[in-house]
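A.B. asks: Residue numbers (this note's numbering), protein chains in the order written: chain A, 2 to 429; chain B, 2 to 429.
Rather than coming from a laboratory, the hints here were simulated on the basis of the structure.
As the structure is a computational prediction, the values presented were derived from the model and not from experiment.
There could be a bad hint or two in this list.
If several chains are the same, the list does not tell them apart, and a pair holds so long as it fits within one copy or across any two.
As the list claims (entries may be wrong) - With a Cα cut of at most 25 angstroms, we get these calculated PhoX-like pairs of lysine-lysine:
no. : residue 1 : residue 2
1   : K6        : K62
2   : K146      : K124
3   : K284      : K425
4   : K6        : K22
5   : K62       : K317
6   : K22       : K62
7   : K313      : K364
8   : K284      : K22
9   : K409      : K364
10  : K313      : K425
11  : K161      : K364
12  : K95       : K409
13  : K425      : K10
14  : K175      : K17
15  : K409      : K312
16  : K6        : K284
17  : K175      : K208
18  : K313      : K208
Given next are the chains, with one letter for each unit.
Number of protein chains: 2
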Amino acid sequence: MKSYKEMSKEELLNEKAELEKRIEEYKAMNLSLNMTRGKPASNQLDLSNELYTNLSAGGFKSEDGSDTRNYGVPTGLPEVKQLFADVLKTSPDKIYVGNGSSLNLMFDSIMRAMVFGEHDSPKPWSQVEGRKWLCPVPGYDRHFKVTETCGFELIAVPLKEDGPDMDIVEELVKDPLVLGMWNVPCYTNPDGYVYSEEVCRRLASMKTAAPDFRLYWDNAYCVHHLYNDEAQQGSIPDILGLCEEAGNPSRVYEFASTSKITFASAGISCIASNEENIKRAIKLMGVQTIGANKVNQLAHIRMLPNLDALKKHMSKHADIIRPKFELTLEILERELAGTEAATWHKPQGGYFISVFTVPGTAKAVVAKCNELGVAFTPAGATYPYGNDPDDSNIRVAPSFPSLEDINKAVEVFAVCVKLSAVEKFLSI
Amino acid sequence: MKSYKEMSKEELLNEKAELEKRIEEYKAMNLSLNMTRGKPASNQLDLSNELYTNLSAGGFKSEDGSDTRNYGVPTGLPEVKQLFADVLKTSPDKIYVGNGSSLNLMFDSIMRAMVFGEHDSPKPWSQVEGRKWLCPVPGYDRHFKVTETCGFELIAVPLKEDGPDMDIVEELVKDPLVLGMWNVPCYTNPDGYVYSEEVCRRLASMKTAAPDFRLYWDNAYCVHHLYNDEAQQGSIPDILGLCEEAGNPSRVYEFASTSKITFASAGISCIASNEENIKRAIKLMGVQTIGANKVNQLAHIRMLPNLDALKKHMSKHADIIRPKFELTLEILERELAGTEAATWHKPQGGYFISVFTVPGTAKAVVAKCNELGVAFTPAGATYPYGNDPDDSNIRVAPSFPSLEDINKAVEVFAVCVKLSAVEKFLSI
Chain A
2 MKSYKEMSKE ELLNEKAELE KRIEEYKAMN LSLNMTRGKP ASNQLDLSNE
52 LYTNLSAGGF KSEDGSDTRN YGVPTGLPEV KQLFADVLKT SPDKIYVGNG
102 SSLNLMFDSI MRAMVFGEHD SPKPWSQVEG RKWLCPVPGY DRHFKVTETC
152 GFELIAVPLK EDGPDMDIVE ELVKDPLVLG MWNVPCYTNP DGYVYSEEVC
202 RRLASMKTAA PDFRLYWDNA YCVHHLYNDE AQQGSIPDIL GLCEEAGNPS
252 RVYEFASTSK ITFASAGISC IASNEENIKR AIKLMGVQTI GANKVNQLAH
302 IRMLPNLDAL KKHMSKHADI IRPKFELTLE ILERELAGTE AATWHKPQGG
352 YFISVFTVPG TAKAVVAKCN ELGVAFTPAG ATYPYGNDPD DSNIRVAPSF
402 PSLEDINKAV EVFAVCVKLS AVEKFLSI
Chain B
2 MKSYKEMSKE ELLNEKAELE KRIEEYKAMN LSLNMTRGKP ASNQLDLSNE
52 LYTNLSAGGF KSEDGSDTRN YGVPTGLPEV KQLFADVLKT SPDKIYVGNG
102 SSLNLMFDSI MRAMVFGEHD SPKPWSQVEG RKWLCPVPGY DRHFKVTETC
152 GFELIAVPLK EDGPDMDIVE ELVKDPLVLG MWNVPCYTNP DGYVYSEEVC
202 RRLASMKTAA PDFRLYWDNA YCVHHLYNDE AQQGSIPDIL GLCEEAGNPS
252 RVYEFASTSK ITFASAGISC IASNEENIKR AIKLMGVQTI GANKVNQLAH
302 IRMLPNLDAL KKHMSKHADI IRPKFELTLE ILERELAGTE AATWHKPQGG
352 YFISVFTVPG TAKAVVAKCN ELGVAFTPAG ATYPYGNDPD DSNIRVAPSF
402 PSLEDINKAV EVFAVCVKLS AVEKFLSI
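Isolated chain A, as found in the complex (with noise of 0.2 angstroms):
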């Protein structure tokens, strides 16, 4: 197809009446469908489905003998911190376990830093003034949303195919005020890209001008590939290794979680970060909370015994999502090659693809899908503050919809972007 760029008027003009026609006909289907949330689909869950059922016949003991129903063995079994572990390639000796949520340790940890500052903190971070955050974009609203409640002025890094733009972060924590990063290396959230090697060593290396700058690393999605050629899958370096190498061992928490392995609402997560870091977390933490659902983490090693069952796992629920990444991206690639409406990246792994229309479109698409009955995650999501300055980046959902649902979710959208632009480009 020819570039709407190149196009003349009439041309526009002729392809938008084409496009109208079109949206007139999706419009008389009544749709109702839903793109915005990353979620598991039911087939995915069931893969799940005994993760209970033979827990009280095999008993409820954990390796170490302990009774799993009973208090105690508050930062998690040993055989789950060895899981994490080797998940994570560090230590279990680093690990805490948490319940079903990473996101809750995210925040309790931010939370902790505010009230009781981090060891290397000179105050509290509630007391420092002006704090600010990096946060890569596009990037994952609800970790945006965390640092914006808790105060912090939310700083955007452009996101590129191998991480953070490096020059600008480096630039950024010259300034004492910045005090930590987001970051999902491996399958960026939305775009599915992965960290080199060396932008995680710069990560690790670079001089920050707050003694105690955090990267905020989680890992939601390291054993989440679509293809099950190892080749093709994402692989992101140890990053507490990384940092002790570079002389900054307290520089990272990491996170992991089972959210989209086991139960999207009931799985088990931790946090990983070096002694120092985990020793304060876990002595606060022992003061918070008896400690996580141990019978949970016994049920998830019993049927998750280590990293190869893991892995074993982890591809079939690539079976059931790979056919919608496929069949998002060739409906994409069928509407909009060419007609430079719209781009966007192949991920191999993790839960989306981000798709980036003509600046100034983006809302205009979310607004004319939910028209149709087709709801697409608000434009803007993907960024601090809701707000998109580009007004282009989109993230779509594949995961939890139907094959012939996102068929028809991701045309209508397609549509959309096209006519989107049209209209943009005749507006000029």
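Could you slot chain B onto chain A? The hints should help.
C.D. replies: Chain B in isolation, oriented as in the chain A frame:
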């Protein structure tokens, strides 16, 4: 037995010699017994062993049709809210359902006030220099530790049979730096007292200088009766209703959990408060977490679908735990009655028996027991900063050990109480 107070020096020396002989006998037994923790016994936990077994067979849908395995319904399943509301004599709209640890909900609630303030706070609590917190004593060490960690000065308030000494409390809350108060209203930890309705009304209606004063109302043992006869059961009025009635609707956060109903490490919990408080809390918890484990909520409500089922389940706990309390009390009575070496209250529920030794001897008693291989909660643990000014209170936890172990451990304990008393009287 004759009171030690009335004994001559010679009588005391004779008693001492006899007690020391018994101590030697215990020493020879090489005991290793533990009476420290308010843990459910293994056969109590067994009552819930099939909590998860049939979950998959019954499907994972909640009553509202939502899939409990996936994201969504962040404040808790409606049917679980209803159950907690029935337990707390309040309404489901006031409830947020959390994970297993209600302590976690308390800590987080105080942390929110620390960083963001309450809706009626002049400023966030972290900015209130010299902030104070009322602690009825003896009380629960982990409560005290939360407010100590958050920088509150802990003010001890004497606990009486009908609750905290309200004349003192009403005086103390005239200080605008007093921001809150711990309460375990039903079967206080460790005395097992039950707040009277009058005390509850005075707490609800008293005039506090701080506009954002909060009662932390830990209804941890509200269904944990030792006797099935309702006339013998402790009962607390709906504190949320009383506060509303008194024109102080935002005064209280109430908590409960199933830690000692199902599994200590894997239950569900709740926070309950009025509309203004709970909406504000839910908004911030909506930033903090994707919500608590809903599959576990479903498992709980399937096993305990209503208050009746819950009561029946609790009576099975009572059948296991009651003989342990009765044996403990019987030994205390047999060994100590008339000696005036100790006093205690016979609780109708909860998890503890609180023993007051001759002032100045509690630490010595615990040390003597430890030497004989019998572990008790450190003396002083039931007071702020671990400091019992009278060195008198010892918390006895009879739930976890077997009857056989209790038989020996409490006898050892009583002998140590007596020996310490005799030594005390001889030294005066």
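A.B. asks: Could you tell me which of the numbered hints above are not met by this structure, giving the numbers in increasing order?
C.D. replies: When the structure is compared with the hints, numbers 1, 3, 6, 7, 8, 10, 12, 14, 15, 16 and 18 turn out to be violated.
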